[in-house]
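**Q** The primary structure of each chain is shown beneath.
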Amino acid sequence: GAGVSQTPSNKVTEKGKYVELRCDPISGHTALYWYRQSLGQGPEFLIYFQGTGAADDSGLPNDRFFAVRPEGSVSTLKIQRTERGDSAVYLCASSLGTMNTGELFFGEGSRLTVL
Amino acid sequence: QQQVKQSPQSLIVQKGGISIINCAYENTAFDYFPWYQQFPGKGPALLIAIRPDVSEKKEGRFTISFNKSAKQFSLHIMDSQPGDSATYFCAASNAGGTSYGKLTFGQGTILTVHP
Chain Z
1 GAGVSQTPSN KVTEKGKYVE LRCDPISGHT ALYWYRQSLG QGPEFLIYFQ GTGAADDSGL
61 PNDRFFAVRP EGSVSTLKIQ RTERGDSAVY LCASSLGTMN TGELFFGEGS RLTVL
Chain L
1 QQQVKQSPQS LIVQKGGISI INCAYENTAF DYFPWYQQFP GKGPALLIAI RPDVSEKKEG
61 RFTISFNKSA KQFSLHIMDS QPGDSATYFC AASNAGGTSY GKLTFGQGTI LTVHP
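The listed protein sequences derive, respectively, from chains Z and L. In terms of our numbering, the first sequence has 64 at position 64, counting the first letter as 1, and numbering is strictly consecutive. In terms of our numbering, the second sequence has 3 at position 3, counting the first letter as 1, and numbering is strictly consecutive.
If you are wondering where the hints come from, they were derived from the structure by calculation, not from laboratory data. Just so it is clear, the structure is predicted and the values come from calculations on it, not from any experiment.
List of simulated lysine-lysine pairs, PhoX-like, C-alpha gap at most 25 Å:
| id | chain 1 | residue 1 | chain 2 | residue 2 |
| --- | --- | --- | --- | --- |
| 1 | L | Lys5 | L | Lys68 |
| 2 | L | Lys68 | L | Lys58 |
| 3 | L | Lys42 | Z | Lys78 |
| 4 | L | Lys57 | L | Lys71 |
| 5 | Z | Lys78 | Z | Lys11 |
| 6 | L | Lys42 | Z | Lys11 |
Okay, the calculated bits of chain L under chain Z, using three or more residues with CB under 8 Å as the criterion:
| id | region |
| --- | --- |
| 7 | 41-51 |
| 8 | 100-107 |
Quick reminder that beta carbons are idealized off the backbone N, C-alpha and C, glycines included.
The task is simple: from the sequences and hints, build the whole structure.
**A** Written out as structure tokens, the structure reads:
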């Protein structure tokens with residue numbers, strides 16, 4: 001596809017379970033970002049990758065959250081021992097690079113609901 | 001230090017009117033200021049962006065005004081149309097630092113344009 005693809009679009013899980021959210025960026029985009037958007041709020045930065053490495057993970061709320069991008073393309077956000085407060089829309093975005101002011105392209109997000 | 005404050009929370013405008021949304025920031029290291037538009041169920045999409053070396057940028061019906069000394073910037077939508085009804089987010093980042101894509105978002109403004 002032409003845009004950023006995120007799966008699943010919706011995920012309902014129980015408190016304490018493990019969740020994986022996947023992001024497939026636009027082909028050729030080297031930078032990939034994860035954001036979290038709670039209801040009625042603006043997106044909050046979690047982590048970004050330049051290539052395969054996590055260049056900045058300062059936004060991850062705690063050590064239950066982890067993200068990987070092993071081949072420099074698809075990324076997976078992993079959440080262990082989910083809590084009700086983790087419920088939000090998780091947005092992925094990609095761009096051609098990080099050291100310019102080009103456009104950040106967002107996916108439609110994965111809505112996570114923790115019961 | 002990292003906050004971006006946005007107002008108003010919601011805005012109702014008649015078709016053909018001018019919509020104005022304001023943002024203020026604290027971190028003087030911010031040097032990239034984009035505005036994003038988000039429709040329900042979709043990810044944010046870049047609308048227009050400005051760097052602090054100019055005081056105004058216009059693209060079609062959308063204009064950003066930037067006041068560096070006051071640390072404020074605003075979005076003006078001229079001739080507002082019902083199709084402009086969406087949530088608008090201002091954002092800021094330190095493009096000259098780690099990454100322009102590590103954005104700090106405002107809280108959002110829900111714009112409704114009545115026909």
